[in-house]
Each structure stands twice: as C-alpha cells, then as structure tokens.
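Novice: Read off the chains here:
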Amino acid sequence: MNKKELGLGLLLVVISVITGMINPAFLSVVNLLNLANLIGLFGVFALGEGLVIITGGIDLSLGSMFALLGVVFVDLLTTYQVPWPLALVAVLLGGLVLGAIQGVLITRLKMQPFIVTLCGLLIYRGAARYYTTDSTRGFGYGDEAATLSNLASGHVVAGIPNTFILLIILALVLSVVLHRSVYGRWLYAVGKNEEAARFSGINTNMVIATAYIISGGLAGVATVLFVFYTNSVSPSSFGNFYELYAIAAAVLGGCSLRGGEGSILGIVLGTALLQVLQNLVNILGIPNSLNFAVMGTVILIGVLADQQLQARRKRKLALAGLARTAPRSTLPPGVEALPARTGDQA
Amino acid sequence: MAEILFELVGISKSYPGVMALNDVSLRVHHGEVLGLIGENGAGKSTLMRVLGGVTEPSAGVIRVGGTDHAQLTVSEATQTGIAFVHQELNLFENLDVAANVFIGREKLVGGPLKLVDSAQMRARVTPLLERLGADFGPDTLVDNLSIAERQMVEIAKALSIDARVIIMDEPTSSLTLSETERLLEVIADLKAHGIAVIYISHRLGEIMTCADRVVVLRDGRTVGELARDKLSHAAMIRLMIGRDLKTLHTPPKQPPQPGGCDIVGLVTSAFPDRQIDLSVRHGEILGLAGLVGAGRTSLARAAFGIDPVLGGEIRIDNAPVDVASPRDAIRQGIYLVPEDRKKTGLVLELPICENVTLASLLNYARMWLVNGTSERNVAKEQVRRLSIKVPSVDMEAVTLSGGNQQKVVLGKWLSMQPRVMFFDEPTRGIDVGAKSEIYALMRELADKGVAIVMISSDMEEVIGVSDRVAVMHEGRVSGVLERPQFSEYNVLRLAIGQALETVEAAAQ
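Line by line, the protein sequences are chains A and B.
Position one of the first sequence corresponds to residue 1 (the working numbering), numbered consecutively onward.
Position one of the second sequence corresponds to residue 1 (the working numbering), numbered consecutively onward.
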C-alpha cells in the first residue's frame, strides 16, 4: 500500500466515523450491507475503466453498454426463453466484443479514445432504445433466471452481498494481473511512455486493445448485476452517467488521465469513497439534489491535494538531482569550467 | 565596403562542460551575402540563436548602430531587422499566406472589437509575393504549398517587417534543383535591394555561387574567413576540419569474422527513392557518419522495425530476416540504442530494474507472472557490469545522470543476446568519463562477435572508435572508408556528396 492509497483509506475511515457520530444509522448493519452492495455494483466496472485510464485512454461508453447489453439480456431470458447460462455467456461475450471493436478502432485505426467511446456512448444508447422502441424491459412474474438472480443479487456468506464478494475476487485477480504479471508491467510502461515501450519490443497496440476488451468484459458482468439489482431495464435511463462514476472513482483512486498511474486498491477505495459520500448525503439529510455537487467537490479537492503533494515530491527530487550535479551547475555562466573533475564523472 | 549593419565582438557561450561558442566575432554589411559553414556542432546554430535574441551569450558584445548590447532580446533583434528563414519552417499550415505573414501583428478593424482585417493584410502581402515571383496568392492555405513556396512565405514575412538581414539555415536541404536556383535568384534580388543574407549551408556549391564572403566555424571558434575571390571547395573543407584527433581506437582482438548483417537495397520511408546497401561483419564496429538528416537514423529505425521497410532486405549470416516490428527485430537479435534516450530509450518514471528488463520480461516470468527475484538479480548484474552509479535498482531512471541513463539503456540490451546492435549517437550529452566506458563496452561486445553500427556526428568518435566508416549523403551510402583512408577530410567530402576519386566508381 503506497502513501496515496493509505491517505485515501484514512479519508474513508475519517468520513465514516464522523458520519457515524452524527448519525449512528450510518454504521448500522443494514446500511453497511447496502453500502457494500453498491460498492460491489459500481466497483466491478470501475476496475475496467481504471485499466483503460492507465493506458492513457478513457472509456465513456460503459453506461450505454449496460443499457444495450441489459435489454438484450432481459429479452433473451423472457421473450426468447434462453437458458440463463447461455444468456449470461451472450452478455459477457457482447461486452468483450464491444470492447474489442473500440480497442481496434483506437489502436489499429489510430482514433482518439475519447471520440471512439463517445460515439459508442451515443450508438449503444440509440441501439438499445430503438430495439425496445423505448419501452422498459423487465421480468414478469415467472422466475426465468431465479438461480442467476439469487447469485447476482443475493448473499451467500454471512449476509455479505455477493456483488461485494465478486468485486473483492475480481480486484484480487486484477491486482495480480496489474501488479505482478508481465501484462501489467507492459500496461504501465505503455501508459507512461508508449514510444519507449514500442522501442523495447512491446506490442503496444495489443496491450492497449486488451485493456478495452477487459473493460468491455467487466461491463458485461456489471450489466448482469445491475439488471438483477433493478429487475428491469428502461433503455433511456439505465446506466446513465455510470461511466462518469467509474472515471471519478479511478481518478480519486490515484489514476492519472495522462496514463501510467493507478492501482487496483486505489480504484476500489475510490469507488468506496464515492458510495460513502452518496450515502452520507442521504443519511445526514443533506438535500438529495446536492448529491452530484458534493461528489464533484470532493473529487476536485482530492485531485488538487494529490497534485500539490506530487509537485512537492518532484521539487524534492529535482533538489536531490541538483545536489548530485552541484559541482558543475553552480558555476556561474561565463566562468570557464574548472579543470578539476568531480567525483561522479569517473 | 558597404556600411556595417551589425557586429558581434568576442561572443562566447558556455554550457556546463561545453564551450558552444568561443570568442566569435562576425561583421555583417548592408547588402552582402555571408556564407556560414562548419561541421555538425561547430556552433552555427548557437550563433544564430544569439543573433535572434533567443540565447544569451556568456561574454562579448553585439554592436548595432554604434550601441553595444550584452545581449539582444527577441524584440530588439526584430527591430534591428534580423529575420529568420528556419530549417524547419515555422508556419501555421491551417492559416493562409497573409495570416502567416502577419502572425502576431495582425491588422485590426472594428475598434474595440479587434477584428482581423484580412482584406488589408492580403492587399499588403500581394506586392511582396509579386516581388518574390511567387505564383500563389495571399489567400492560399499554407497547407497547400510546397516547401519551396513556404520558404517564399517566410521571406515575404521577413520583408514585411523591413528585415535588413535574413538568416537562412540550410534553406535548400529539401529543395529540387530548379527550386534551389529560384531561391538563389531571390537572394541576388534581395542583395540588390540592400538586404543582407546570412546563408548557412553544407552545400558548398551553392555557397560558391551566392556568397560574397564565407566565415568558417569549428568547435565554436571562427577559424577563417574567405573573400569571394578566395573561395574554393578545397579551401573551405580545409578550414572546416583540421583538429588534432586523439586516438581512441582500440583495435579488435581478432579480424572481423565472416557473416554479419547485410543490408541490401533497403528503402526507408524517409527517402523512398533511394536504396541503401551496407554490410557490417561480426566483431566489427562500423561507424556511420553523415550530416544531420542524411538518413542514418531512418536506416536504424527501419532495421529495428520501427519504420516500415519499403524495399530491399536485411540479412543476418546470409539468411533474410523479417523486421516488421521491433519485436521481430529483437527476436532476431537486432537491437537499437536510440538517439533520444529520454523519449525512446527509457521509461523515465519506472525504476532502473524495470527498465533493464522491459524488453525481456517474459524471460523472468512463469505463466506470465514476473519473478521479482530473478528480475532484480538481472538488473543488479547489469548495474554492476556497467558500473552504473546508483544506490539501488529501485531508483527511478529520471534521477540518473545522462551517462548512467544511457548505461541503463545498454543494460536492457546486454541482458539479452545481441547479434547486431545499432547505436544512434550513443554518447551525445554524456561526460567524458562515461564516454570512454561506452566505447570500451562497444569494443567488448564486438570482440564477443556482435556486429555494431555506430551512428555518430562526432567526428572524433567516428574516426577514433570505428573499424570502418560508412558515410551517408541524402539517403544513400556515399562511400565506405577503411582505416588507412580515415580522415576528417575524406569523411566530410563524402558527407557533402562529393565522391572520393577511389570510391566514386563504387558509389555510382
């Protein structure tokens, strides 16, 4: 755990404790379990968004992807009576394919991630609304996928929501991928300096496209979770703005939009903090309309504080570098270099 | 002689460890064409930056109209009437000719609204373009103009600010023969109107045609001045060279072995109409000399799979190899130590350890999971072998000095199995001590059978380190020199495209 994550964790604890002191209901089991469920729901796709942001890109299409995959999923289960394992596979594949298409457009055809995924946002939403003629799709009274529904929205271990447990599992797997595997190392290298990565023989296009594919796949998983959370999909509003929650969580968790920075733990903590803030608005009786404003303010302050700390670190490094070359750089301009050699030139 | 326009007296400019300019004096008269020549790194560009007010000299005065200045500011330079036609043209392609000419000094209408008066600007630019004999109008988009035409726009811009001296830095490097002639006519016309031109070029033929006087720089000093009637190729080349070169050469332990890398008829995207033929044996250091932009870096990039190979092939030990990407090249044992280590050699924000293993990480992983211990051991091994001065392999590469950074780049390749290595300006910006370590390392690699191509613009390095020297000129190899033929004179002749008598037949 680095300093950034430690700071974020501390912030999370402090905010929780203060909120709990003002209104003990915050720390009630019911509220905490509800919170865990929301963190699970929003964390799953924030992980994918984080990977994309580490490549230096962005994925704006997630919310619309939920709507499109969601209506297809519900339709497969209800209208077409497809067995739920097949429908699940179809949705996951759908997410992977959409991610792959975006990845190819960005790497092979050299389009900007913002534009590709913005068009994705518009196209998927439009497709979902056209497909359903803008009508809400939901489950009837039959239990088309009771098993899956119970898995996705229920709890197996000690009342802890399965969504939260799934998030922890995915986070652990992706932590290994990002922080221990060759692919993870390449991802950071590509995000920090794509040119140098290419000059080291890394297939940078493959690395970047894979991040979009993983993000698409996780969007598929999140679609299923959200469908069983709401039990219906209204194509014009389902998942609206959710990509922004993911971006906010990743940025709050230490990902830089310039790429090459961030961690899985950070993204999870970022998601948790966002959900705690939303919850706190409710529990403290702050007008619900201020919800977004509170979130925006906290992100703004968080990123600002982080930048100041980084700048301080850079200055320190620069000073250390100056000390190393001091014998040379302290010569005023115009004075001929001394013949004596300094130590570090041997 | 005509009246003196301005004068530089005893100008020096030192950077830590380097004297870029050393006591340079220069006088420019009204309406003269002054040729300025010198090798790469002789100080021409620094001198021009001093004149343009971009670089502050460490010592000396700039005398303009009887007043002494310790330095010029950019606006003083402009007021003095100094204008530049840059090597890389500084024009806005998305704007039209008139807007470019008046960029930053737009004619305005509409009072407080400050709207741009395009009509007036166009009307003002038209006569300038006519005077230069340009066949495009002021409302042409710069994007649609050729390089030669863009130069005319730059000159029009200079005329529009009543420039009294126009500095042209390698103006003909991308021009065709007829465009070059046209430019020389324009220069003659400028001169007739009393405007001085400082003409910087490696093309001695053009200097012969247009210059009234030639000043030669070498190692930051003025080493000579030739009046118009004293101009000759031989005289200019003699002044440009003539240092005592220290012998750096360590002979190879054994004669070069058979086999190695053969580049046959290679066509790069930088020079699609030229073919490159070049061979380097195992155990040999081949110096690759030439002027900046002669196609040396493009060659290395193509051989390493960065740029596409448009034609020809690369063979190692007579077997053709496919280098569609750097990954392919690395698989074949072809490595490149690139020119810009900060941008392409290293990921500066990553630790030394991760930089060293970046290209070979799969070798230190099982089932795609990195084995931290073996990775670190390899990095430590390279740090020790290359004597990189760092407390720990966890330090970010950005904290290292230039020499140590370059060694990390080397460590990345040496931890693998090189067969052919390209070094592009391997010692640029590196202190003397680290330089000699890198030379020793290249020799050690060669003695182990690696074929080495060293691209260098440092004459001392080319002549001192190489076993053979190939010289490139405008996208092709203009000649190959064996050690007994090594001399600055020979390298420079080939670099400016004048074949040596003995090499001429082979180069054709």
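Worth flagging that the hints you see were computed from the coordinates, not collected in a lab.
Just to be clear, a hint being listed does not mean it is correct.
[Stated by the list, open to error] Computed spacing ranges between beta-carbons, pair by pair:
#1 A/Arg313 to B/Gly402: 30 to 38 Å
#2 A/Gly9 to B/Glu460: 53 to 61 Å
#3 A/Arg315 to B/Ala440: 33 to 41 Å
#4 A/Ser237 to B/Gly402: 50 to 58 Å
#5 A/Lys3 to B/Ser374: 23 to 31 Å
[To be verified] Calculated lysine-lysine pairs in the PhoX-like style (CA-CA distance at most 20 Å, straight line):
#6 B/Lys230 to A/Lys314
#7 A/Lys314 to A/Lys110
#8 B/Lys191 to A/Lys192
#9 B/Lys342 to A/Lys192
#10 B/Lys342 to A/Lys314
Idealized CB from N, CA, C, for every residue including glycine.
Novice: All hints are to be evaluated individually against the structure, with a verdict given for each.
Specialist: Status of each hint after checking the structure:
no., hint, verdict
1, A/Arg313 to B/Gly402: 30 to 38 Å, "violated, 22 Å"
2, A/Gly9 to B/Glu460: 53 to 61 Å, "holds, 57 Å"
3, A/Arg315 to B/Ala440: 33 to 41 Å, "holds, 37 Å"
4, A/Ser237 to B/Gly402: 50 to 58 Å, "holds, 57 Å"
5, A/Lys3 to B/Ser374: 23 to 31 Å, "holds, 28 Å"
6, B/Lys230 to A/Lys314, "violated, 57 Å"
7, A/Lys314 to A/Lys110, "violated, 32 Å"
8, B/Lys191 to A/Lys192, "violated, 51 Å"
9, B/Lys342 to A/Lys192, "holds, 12 Å"
10, B/Lys342 to A/Lys314, "holds, 17 Å"
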